[in-house]
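> Here are the chains, one letter per residue:
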Amino acid sequence: MAEIPESLLRRSAEAKAKALGVPVEDVLAEMKGEGPPVKVPQPEAEEKTETVEVSEAPEEPATEPVEEVEPPEDKDAPTPEVEADTDQDVIPEEPKEATYADDPDPDPVPPPAEPAPEQQPVAAAESEETPAAVAIAEKEDEEPPAPPSGNGAGNGKVASVVSARPSVPPAGTPEGVRSQRLLTVVKARAIQNVKAEPTDKVNTWPHLMLMEFGALLLITGILVIMSIVIHSPLLDPANFNATPNPSKAPWYFLGLQELLSYFDPQIAGVMVPTVTGMALFILVPYLDKNPSTTPSDRKFAIALYSMFLAGAATLTIIGVLFRGLGFNWAYPWQDGIFFDDLKDWVHFE
Amino acid sequence: MANGRTSLRERLTEARDKIWGSQAVDSILRPGSPFKQNYSDSPRNRSYVVMNNVLYHLHPVKVKRHAVKLSYTLCLGGLSFFLFILLTITGIFLMFYYTPSAETAYTDVQALSTNVAFGSLVRNLHRWGAHLMVLSVFLHMSRVFYHGAYKPPREFNWVVGVVLLLLTLLLSFSGYLLPWDQLALWAVTVGTNMASFVPAIGAQVKFGLLAGAEVTASTLLRFYVLHVLFFPFIIVIFMAVHFWRVRKDGGISGPL
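Quick note, the sequences are listed as chains A and B, same order. The numbering of the first sequence is this note's numbering, which starts it at -17 and goes up by one. The numbering of the second sequence is this note's numbering, which starts it at 127 and goes up by one.
Take the hints with a grain of salt, since some may be wrong.
Straight-line Cα separation of at most 27 Å, DSS-like style, residue types lysine-lysine; simulated pairs [unchecked claim]:
hint, chain 1, residue 1, chain 2, residue 2
1, B, Lys188, A, Lys183
2, A, Lys281, B, Lys195
3, B, Lys277, A, Lys271
4, A, Lys183, B, Lys162
5, B, Lys190, A, Lys183
What follows is a list of derived Cβ distance ranges for each label pair [stated by the list, open to error]:
hint, chain 1, residue 1, chain 2, residue 2, range
6, B, Phe161, A, Asn221, 50 to 60 Å
7, B, Asn178, A, Phe222, 52 to 62 Å
8, B, Gln149, A, Tyr268, 37 to 47 Å
9, A, Pro5, B, Gln163, 50 to 60 Å
Everything labelled a hint here was simulated from the structure, so no lab data went into it. Note that CB positions come from ideal geometry on N, CA and C, so glycine has one too.
If we strip away everything but chain A, and leave its shape as in the complex, we get (with noise of 0.2 Å):
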């Protein structure tokens, strides 16, 4: 079983000491496994129950065996009955309440006698909650059923909660009282076993939103001084006979044109490992194995790009500014700048 948080502990033991009338350190030793089973004052309360579990299945007595078996007739007599509770008590008013408590026949309305053990904390549902249930009712079956006391609105709304519920009253039970059916039962695993860690988090607005909006304003900023300072080139028309020396792909290409000026294509097949090369560039996470996302447990993977990198920024500016007339080594500072893209800006020759 996975670590419940101290706290939440704590909570569930405090709900669970304040239904069964123990100390609160005793129900927390139970719970830890490091104290005796809490001994209850009552003589019929059960204890086999590790945690304080609202679904979990309380003792059903007498009732149970006859829950299960619902005679067809009955199905659906109740159910009308029920809505029309329901519509009552949606609306908490007052006169309405009044009238409802007068109504000496106590048949065509299930009394309310649901919301003592619900209004008490869940945990004390646990113990005590269906033999409360039919005590309740089994008194108010003698005389009418009490006008709700003090807060109206507040009893008329957990009524209506109650009785929203599709429980049928069981064949066999005294008229008018309804029991709790068991839906399903929750492990504790289920809802204490909390996944996600809390983490250190920041609002996106306005917070990354900033961020990001500076850095959209700096990269205008760059280009729109960029495009005052620097003109696009524009050379001689188009013309096919007249070759330019040198002749140079898009700065982007130039690495690959510079590795393509060392071996003659038709002979060392330099596209073959290129091409070979994007498609392991493609399958890079697939290849990676290694989970971590760690620097220093990533060396190698970090010192392949790193050298990837490095290459294809070397062979880039050699093709850029070294490569000049017949793409033969030029010096920069000696023969010029062999590069018509920033023509206009670096005015050579």
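We have chain A; now place chain B onto it with these hints.
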């Protein structure tokens, strides 16, 4: 209000409040918009700003604190996207003044640089923006590699990202020919020659790109259509997938 009459300033304020609070303006701004009349700075509204905005909802409502540090992401992916938007806007402007035919292309660009208001500036923005985008996409990829951000569950987004890099290069390369000057013609000739060295499919790729064995007038039209329609169309699809996967697989704040 000194002499018992409402001043112009008060009337203007009243009119502004009336317009800003009107149903029309209210219907345009989604709940939680900071431009709404009674916007208040609360955690709820901060969440709404992101959730209820067509662009901002690319982001999660909250991000890890370390992810907001400029030194961590450098905003390179976002800047690449921003540059793409900028290039689209300036590109549409340029399309008004450009005809993709061998006879007029060069003079159109010349006229754009000299006769059109801001024509030179917009052309420069387009050109330098394109170079900057190639650079920022590449640097973005490098940043992702160094952080190991391509590891599970984000492997596929790396693949999409590499495709986006290739498409960015193709977009830049296809635009390179359009001024139809010596630089454009011969750079493209060299570039497509390199493509022809690709084993097995090289010659076919070159032929398909150039609409012939070498650069001709029909190559210009081909590159134009590729540049303004085909590649942007493809790249937008891949970008949509890329951004969607960033949100689904976990983006700048690490895996979800």
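> All the hints need checking, so say for each whether the structure fits it.
Here is how each hint holds up against the structure:
1. Lys188(B) with Lys183(A): holds (6 Å)
2. Lys281(A) with Lys195(B): With a Cα-Cα distance of about 24 Å, the restraint between Lys281(A) and Lys195(B) holds, given a limit of 27 Å.
3. Lys277(B) with Lys271(A): holds (8 Å)
4. Lys183(A) with Lys162(B): holds (26 Å)
5. Lys190(B) with Lys183(A): With Cα atoms ~4 Å apart, Lys190(B) and Lys183(A) stay inside 27 Å; holds.
6. Phe161(B) with Asn221(A): 50 to 60 Å: Given range 50 to 60 Å: holds, Cβ gap about 55 Å.
7. Asn178(B) with Phe222(A): 52 to 62 Å: holds (57 Å)
8. Gln149(B) with Tyr268(A): 37 to 47 Å: violated (55 Å)
9. Pro5(A) with Gln163(B): 50 to 60 Å: Since Pro5(A) and Gln163(B) have Cβ atoms about 57 Å apart, the given range 50 to 60 Å holds.
Checked against the numbered hints listed earlier, the structure breaks hint 8 alone; every other hint is satisfied.
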